[in-house]
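J.: Working from the sequences, and respecting the hints, build out all of it.
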Amino acid sequence: MTIDPTADVTPCLSGYGSGSYPQEDVTLLLDIVDKDAISDVPVDKKEALIQSGQRHYSDMLTLERAPSAIHEALYQEALDAGGARMATDIANLAHTLHQLFANDTSAQTPLVLISLVRAGLPVGVLLQRALRDRDADYALPSVHYGMSIIRDRGLDANALTQILTQHKGSKLVFVDGWTGKGAIYGELERSLAAYQDPAHPHFAAIFHQGADVVPLLTLADPAGVAWLSASTDDWLIPSGLLNSTVSGLVSRSLYTAPEAGVHRAVMYDDLSEHDHSRAFIEHIDALRPQHNGLHRLPTYDAPRYSTALIVKKIASEQQIDNPNRIKPTIAEATRAILRRDPEQVLLANAEHPDTKLLRHLCAQQRITVTIAGTEILPYQAITIIKSRSKD
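Counted the way full-length UniProt numbering counts, the sequence shown spans residues 1 to 391.
Rather than coming from a laboratory, the hints here were simulated on the basis of the structure. Glycine included, C-beta positions come from ideal geometry on N, C-alpha and C. Treat the hints loosely; a few may be bogus.
[Stated by the list, open to error] As a list, the in silico DSBU-like pairs of lysine-lysine whose alpha-carbon atoms are at most 30 angstroms apart: (1) Lys386 <-> Lys312; (2) Lys312 <-> Lys45; (3) Lys35 <-> Lys386; (4) Lys356 <-> Lys386; (5) Lys168 <-> Lys386; (6) Lys356 <-> Lys313; (7) Lys386 <-> Lys313; (8) Lys45 <-> Lys35; (9) Lys386 <-> Lys171; (10) Lys312 <-> Lys356; (11) Lys313 <-> Lys45.
[As the list claims (entries may be wrong)] Ranges of calculated distance between the beta carbons of each label pair, as one might list FRET restraints: (12) Val33 <-> Asp285: 36 to 44 angstroms; (13) Asp269 <-> Ser39: 16 to 24 angstroms; (14) Ile70 <-> Asp301: 42 to 50 angstroms; (15) Val369 <-> Val33: 33 to 41 angstroms.
T.: As structure tokens, then:
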């Protein structure tokens, strides 16, 4: 059966932007606010406020600065090294979604991709491009949204309600970049519990794979919690090395009380000359195979929590009471150095090419690096955040 994935597809919600992505790639269900209206909280102060419980991380922001020339060069190296793998992973994910949903989607009831802001955005945009490719074997009617999810506060309920109202009869899939410890999976599971009753009018939209199956899709799933993932490897995902400048120029999301509207974000217009968002998508999309050699990926009815014992062991050895101070995977370890206040970094290998940027940042900021060896595998890197709860 030939599917035209773009024929009169039910339109996305109007009145929202797409960041620096083309409008047809994503609709961001975010209230974009001026960065001058947000307090620029220094990293060390922010860390003390978070760990002491005085403020939640989603109530404040440390504004991003432009990446350094070395950071940019290492991102380019990662793109050159991992671009083809990422493109093939996207094609296999699209192929698997086609196999699963081809008989359940139409122009009136497209598959709804919901990328979790921010790490899910590049993956979701690439999947949207793949599914809407008329020439690909895996073409499928789809629409794509970006939505906020915040640790301890959950998925943006207002945004989700708008999608369910706009796309009645459609099935929803949640998209993230990778899993670290599985915390976001837990947040998603808790946020969707209200829809888990088979009698709920939106049950079939969310729990289409079974009453206990949270439809989370990721590019990489080291934690072993995703329903569908291209791999369980901790590898150098190129989009994991940059923040807003590969994610549509939007900040991480900021919490908004449900009665006040959707969650907020800042648009970093001042970083536009450093923005790789569109170029990244074009580069990976051009490498994506459309036909031969694709395979259907496995799906899972329940999380496996493959690395829970590793995280528990590190917490015990490091005397860490708050697991939020442990940031595993290359991407999370790198982002923690860029956005948080790191104490040390654990590496599985002293010279692994995928941790080159991480090691550069550690040297630059004089962060202690410990070679933990095979004890932390499948993680290649873990950043430990400084304890400031007593400050």
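J.: Against each hint, give a clear statement of whether it holds in the structure.
T.: Right, here's what the structure says about each hint:
About 17 angstroms separates the Cα atoms of Lys386 and Lys312, which keeps this hinted pair within 30 angstroms; it holds. Of the pairs offered as hints, the one joining Lys312 and Lys45 holds, with about 27 angstroms between alpha carbons and a cut-off of 30 angstroms not exceeded. With a C-alpha separation of about 27 angstroms, the suggested pair Lys35 and Lys386 falls inside the 30 angstroms cut-off, and the hint holds. Simply put, Lys356 and Lys386 have alpha-carbon atoms about 22 angstroms apart, close enough for the 30 angstroms limit, and the pair holds.
A distance of roughly 46 angstroms separates the Cα atoms of Lys168 and Lys386; the hinted pair therefore is violated under the 30 angstroms criterion. For a cut-off of 30 angstroms, the pair hint linking Lys356 to Lys313 stands: about 26 angstroms separates their Cα positions. This hinted pair checks out: Lys386 and Lys313 have alpha carbons roughly 18 angstroms apart, not beyond 30 angstroms. Proximity of Lys45 to Lys35 is assessed by CA-CA distance (about 19 angstroms); at most 30 angstroms being required, the pair is judged to hold.
With a CA separation close to 42 angstroms, the supplied pair Lys386 and Lys171 exceeds the 30 angstroms bound. At most 30 angstroms may separate the alpha-carbon atoms for a hinted pair to count; Lys312 and Lys356 meet this at roughly 27 angstroms. Our distance criterion of 30 angstroms between C-alpha atoms is met by Lys313 and Lys45, whose separation comes to about 29 angstroms. Our hint of 36 to 44 angstroms for Val33 and Asp285 is violated, since their Cβ atoms are close to 30 angstroms apart.
Checking the proposed 16 to 24 angstroms range against Asp269 and Ser39 shows it holds: the Cβ atoms sit about 18 angstroms from each other. The hinted range of 42 to 50 angstroms is satisfied by Ile70 and Asp301, whose Cβ atoms lie roughly 44 angstroms apart. At about 37 angstroms, the beta-carbon gap between Val369 and Val33 stays in the expected band of 33 to 41 angstroms.
Violated hints, listed in ascending order, are 5, 9 and 12; each of the other numbered hints is respected by the structure.
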